[in-house]
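Peer 1: All the letters of the sequence shown, read from the start, carry residue numbers 3 to 173 under the working numbering.
Do not rely on the hints blindly, as some may be mistaken.
[As the list claims (entries may be wrong)] Mimicking EDC-like on lysine to aspartate or glutamate, the simulated pairs with C-alpha atoms at most 16 Å apart in a straight line are: (1) Lys76 x Asp105; (2) Lys41 x Asp134; (3) Lys75 x Asp105; (4) Lys100 x Asp134; (5) Lys41 x Asp135; (6) Lys56 x Asp87; (7) Lys68 x Asp105; (8) Lys56 x Glu155; (9) Lys68 x Asp99; (10) Lys70 x Asp105; (11) Lys96 x Asp143; (12) Lys70 x Asp80; (13) Lys70 x Asp99; (14) Lys96 x Asp80; (15) Lys56 x Asp150; (16) Lys100 x Asp135; (17) Lys139 x Asp99; (18) Lys100 x Asp89.
[Stated by the list, open to error] Label-pair restraints from in silico Cβ distances: (19) Phe168 x Lys139: 50 to 58 Å; (20) Asp134 x Phe168: 52 to 60 Å; (21) Leu101 x Lys157: 36 to 44 Å; (22) Asn77 x Gly145: 24 to 32 Å.
Derived by calculation from the structure, the hints in this document are not laboratory data.
Since this is a predicted model, take the numbers as computed values, not measurements.
All C-beta atoms, glycine included, are put in the ideal place defined by N, C-alpha and C.
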Amino acid sequence: MSKKEAEGPLIEPGKAAGQSTAKAKFDPARDKTDKKAKKEPDKSGYIWGTGRRKRSVARVRIRPGKGKLLINKKNVDDYFARRQDRDVVIAPLKATDKLKAFDVFVNVRGGGTSGQSGATMLGIARALRNYDDGLLKILRDGGYLTRDGRMVERKKPGQKGARRRFQFSKR
Numbered sequence: 003m004s005k006k007e008a009e010g011p012l013i014e015p016g017k018a019a020g021q022s023t024a025k026a027k028f029d030p031a032r033d034k035t036d037k038k039a040k041k042e043p044d045k046s047g048y049i050w051g052t053g054r055r056k057r058s059v060a061r062v063r064i065r066p067g068k069g070k071l072l073i074n075k076k077n078v079d080d081y082f083a084r085r086q087d088r089d090v091v092i093a094p095l096k097a098t099d100k101l102k103a104f105d106v107f108v109n110v111r112g113g114g115t116s117g118q119s120g121a122t123m124l125g126i127a128r129a130l131r132n133y134d135d136g137l138l139k140i141l142r143d144g145g146y147l148t149r150d151g152r153m154v155e156r157k158k159p160g161q162k163g164a165r166r167r168f169q170f171s172k173r
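Please build the complete structure, drawing on both the sequences and the hints.
Peer 2: This is the structure in structure tokens:
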């Protein structure tokens, strides 16, 4: 008796345990890909959005107001010294013409200034999307709802850094 005969008959994938090979029909009523539940304001009247970038996490609360923008209880101009970081933070508000329409309160932790400004931008964009679904196209076209997945590569053992090797010595 050969080895193959001893193993027994092979079972085709999809036919094991009485499974049929017929594909399930698409049911639009059960499709949840495009339908995000609109988030209602919390008891204080805030709409929430969370953003992440590198090692930074920003928790953003917005509510209709006069355009106040506080990051860790400081004005945006005081918190971010570089103009580039400030421009990144207010970009989704400018793109949707809502700069003076909302009060924005941000708690951001971790990372450096560039990561914190990117996380804040994503959090503001997500909060605006949760407030009004009509802003979705503007925010998506501007790239404000896209999470930047680039992270720092870890240091490897036996090397000086993530990619850099220790200096080689012939002798």
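Peer 1: Need the list of violated hint numbers for this structure, in ascending order.
Peer 2: 14
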